[in-house]
Amino acid sequence: MEENKDLVQNTNENNTAEQNFEQEELTVTQATDSEQDNAPVDIQLEDGESPLDKNVKLMSPTRMVLRRFFRSKLSIAGLVMLIALFVFSWLGPVICPALGYDWGEIETDRTGNIEYTPYEVEGENGSFVQIIVTDNGVNALAPISPTHILGTDEQGMDIFTRLMYGGRLSLSLSFLAVFLTSFLGIVMGGIAGFYGGVVDNIIMRLCDILICLPTLPLMLIIGTVLDANPDLIKQDMYIYVLMGVLSLFSWPGMARLVRGQILFLREQEYMTAAEAMGYSASRRIFKHLIPNILPQIIVSMTLSLGSMILYESTLSYLGLGVKIPYASWGTMIEVISKRSDILQNNFNVWGPPGLCIIIAVLGFNFIGDGLRDALDPKQRR
Amino acid sequence: MFKYILKRIGISILILFGVSLILYTLLRCMPTDYVKMKIIALNQAGADVTDAFIKEMYKAYGLDGSIIEGYFNWLKNVFSGDFGTSFISGAPVIGEIFNADRIGTSFFVAAIATVFEFMIAIPLGITAATHQYSIRDYVVTVFVLIGISLPSFFFGQMLKDLFANKLGWFPVSGMRDPTITYANAMEAFADYARHMFLPILTVVILSIGSRMRMTRTNMLEVLNSDYIRTARAKGLKERKVIYKHAFRNTMIPIVTGLAGLIPSLFSGAMITESVFDLTGIGSYALNAMTQGDIPVIMTYNMFLATLSVIGVLLADLMYAVVDPRVKLA
Chain A
4 MEENKDLVQN
14 TNENNTAEQN
24 FEQEELTVTQ
34 ATDSEQDNAP
44 VDIQLEDGES
54 PLDKNVKLMS
64 PTRMVLRRFF
74 RSKLSIAGLV
84 MLIALFVFSW
94 LGPVICPALG
104 YDWGEIETDR
114 TGNIEYTPYE
124 VEGENGSFVQ
134 IIVTDNGVNA
144 LAPISPTHIL
154 GTDEQGMDIF
164 TRLMYGGRLS
174 LSLSFLAVFL
184 TSFLGIVMGG
194 IAGFYGGVVD
204 NIIMRLCDIL
214 ICLPTLPLML
224 IIGTVLDANP
234 DLIKQDMYIY
244 VLMGVLSLFS
254 WPGMARLVRG
264 QILFLREQEY
274 MTAAEAMGYS
284 ASRRIFKHLI
294 PNILPQIIVS
304 MTLSLGSMIL
314 YESTLSYLGL
324 GVKIPYASWG
334 TMIEVISKRS
344 DILQNNFNVW
354 GPPGLCIIIA
364 VLGFNFIGDG
374 LRDALDPKQR
384 R
Chain B
707 MFKYILKRIG
717 ISILILFGVS
727 LILYTLLRCM
737 PTDYVKMKII
747 ALNQAGADVT
757 DAFIKEMYKA
767 YGLDGSIIEG
777 YFNWLKNVFS
787 GDFGTSFISG
797 APVIGEIFNA
807 DRIGTSFFVA
817 AIATVFEFMI
827 AIPLGITAAT
837 HQYSIRDYVV
847 TVFVLIGISL
857 PSFFFGQMLK
867 DLFANKLGWF
877 PVSGMRDPTI
887 TYANAMEAFA
897 DYARHMFLPI
907 LTVVILSIGS
917 RMRMTRTNML
927 EVLNSDYIRT
937 ARAKGLKERK
947 VIYKHAFRNT
957 MIPIVTGLAG
967 LIPSLFSGAM
977 ITESVFDLTG
987 IGSYALNAMT
997 QGDIPVIMTY
1007 NMFLATLSVI
1017 GVLLADLMYA
1027 VVDPRVKLA
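In order, the protein sequences belong to chains A and B. First residue of the first sequence? That's 4 in this note's numbering, and the numbers climb one at a time after it. First residue of the second sequence? That's 707 in this note's numbering, and the numbers climb one at a time after it.
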């Protein structure tokens, strides 16, 4: 509700004085010049004598945010990009086999042919033909064709199918890691901000220490630790552990954000009012504090979804994340760090996963950017 | 002020102790340390490895004893100025890290990249802010967001493939062309610069985005403030309003941000350097980490941690210097 009032005040600045006596719960919007072009829902004034209720539209803060969000073309683009990727990754492996395009994530195409290369050799007793037989049992690095929409990689596995499975992994992993990081950050930041004093000091110093630890080197160290103990964790669970550890080290950013917001909000009049009304601590926290921090948290989470995907793919590229033969977008690119011939000749092997990473991260960044604009009550758009 | 700085330095030292303890513990927890790998290699080579020899080896590398013991040993050595010798090369770590090839290369790349980053990102941020919600704003935003979203390894390899392999404009990798003997220093530098071009380009494009967004946000905030309205109201030219009144205030976070750059100038771009086979500190540390070279990893990371602690402190102090409204307490 508090946020609602803030929004109301901000919107009111745009409005004429005659509407200011409206109830505070109502969000009053009037078609301003900039809104007329793209907001047909607003009703225009008719010669200054129109009834008030025609000018007044009731809008909840959520609806306002949504409307502002969907007004930005970039956020819609981001949403479309991500939905497309999600559909591709989750429904793709279900639909494709039904359409007769049936390759598994780690299935090797063994339909390779036997190649005969004849050579004419000049010998002492005249010339004769020598035939070199190459057994390409594995259809590796196949070109783009109907059997393999994007060809196959150096192990003869279908790239198009692996893109889908890699997408499942990369996307779900980033969500898991972001939720874990945010949870830790919100709890720690919340405790620090709400209680203050010694607790605050300890948590903030811990944050300082963790921020000083360089993340990528740390992940490399932990990656090698896991690498050396193959019996400890199953290979396909490996990246989950790694991302979990990453969350353990990357919550300070969120904690600082939450703490800062709480410290700021604690001093606001309505919090004093809530305390004076005798509300319990839990009601003050969950009904008054959290809804006001939520916008910043959501924006920061959306943006970190993108960076988590980047992290995951970087780790996989370094050979620390998802292990071959299992697919992730980073692992699929890894091969070019070892084989420059693939880098030069087989763009279809490493291009598509890279594009997928870019689309995913860009999608999250567009949405995060749009949300930030939409949730900012100072923006009048 | 003086008291504040002293207090902050004290806290920073505590932080550094915490960082070093965590790092050292993690490193020692690595199950295959350097010695174990060496013994495995010796075994495979058919050498006769006795238990006594293994013990000797651990002792020689200072890895015998508990983690706590090892940590305090390390600490004691550091305070007496001894950062240890690299396990891999056997040379003193300080000399390994602080030479022109390693930190020099990384600094060269990072410094030039930072200059370009500022030169490109700040004007872009200002135009995006002054033309908010226009086509120009959209185009700039989309391009820099794409820049942020690029995975460094993918983008680096792509540039390498396109400009080095396909077009042949730049050398594929490495620091210098071994087939050329330089006639003079100019030629040597030109070759060096040609090798550095693609890595610098990669770093610049990846880093423009966040700085441009920062400039844009700050500029928008300033443009909405009262004194800008006043400046416009008294009839100043728009140019003057933006570059004299608004931009100067946008400079505050930009200038304080400079201090925060200190660690990134020396840390080296790990991925970019390894993509382009540069001998910078980043790829060197990457290699040390995969092989468990504890002295190198400790020194490198503590060096960076120290720099970032100093950077944060300087940034706060700069704030007070640049913005008279900020009072340090």
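Don't read these hints as lab results, they were simulated from the structure. Glycine residues also receive a C-beta, built at the ideal position from the N, C-alpha and C atoms. Watch out, some of these pointers could steer you wrong.
Stated by the list, open to error - Using 25 Å as the maximum straight-line C-alpha spacing, the simulated DSS-like pairs for lysine-lysine come out as follows:
#1 B:K872 - A:K341
#2 B:K742 - B:K761
#3 A:K326 - B:K761
#4 B:K742 - B:K709
#5 A:K237 - B:K742
Unchecked claim - Derived CB-CB ranges, DEER-like:
#6 B:Y933 - A:G354: 44 to 52 Å
#7 B:K709 - A:G199: 39 to 47 Å
#8 A:L251 - B:L720: 39 to 47 Å
#9 B:V1027 - A:N348: 54 to 62 Å
Said to hold, decoys possible - Derived list of chain B stretches under chain A, where covered just means 3 residues or more per stretch with a C-beta under 8 Å from a C-beta of chain A:
#10 793–799
#11 811–818
#12 845–858
#13 887–898
#14 996–1005
#15 1009–1017
Here is how each hint holds up against the structure:
1. B:K872 - A:K341: Distance ~18 Å between K872 of chain B and K341 of chain A Cα, so the pair holds.
2. B:K742 - B:K761: 11 Å, holds
3. A:K326 - B:K761: Violated, at roughly 34 Å.
4. B:K742 - B:K709: Given pair K742 of chain B, K709 of chain B is violated - Cα atoms ~49 Å apart, limit 25 Å.
5. A:K237 - B:K742: Holds, at roughly 23 Å.
6. B:Y933 - A:G354: 44 to 52 Å: 51 Å, holds
7. B:K709 - A:G199: 39 to 47 Å: Between K709 of chain B and G199 of chain A, where Cβ atoms are some 22 Å apart, the hint is violated.
8. A:L251 - B:L720: 39 to 47 Å: 21 Å, violated
9. B:V1027 - A:N348: 54 to 62 Å: 56 Å Cβ-Cβ, so the 54 to 62 Å window holds.
10. 793–799: violated (count 0)
11. 811–818: Coverage by chain A is violated for the region 811–818 of chain B (0 residues, Cβ < 8 Å).
12. 845–858: holds (count 9)
13. 887–898: violated (count 0)
14. 996–1005: Since three or more residues must qualify, the claim that chain A covers the region 996–1005 of chain B holds, with 3 doing so at under 8 Å.
15. 1009–1017: n = 4 at 8 Å, threshold three: holds.
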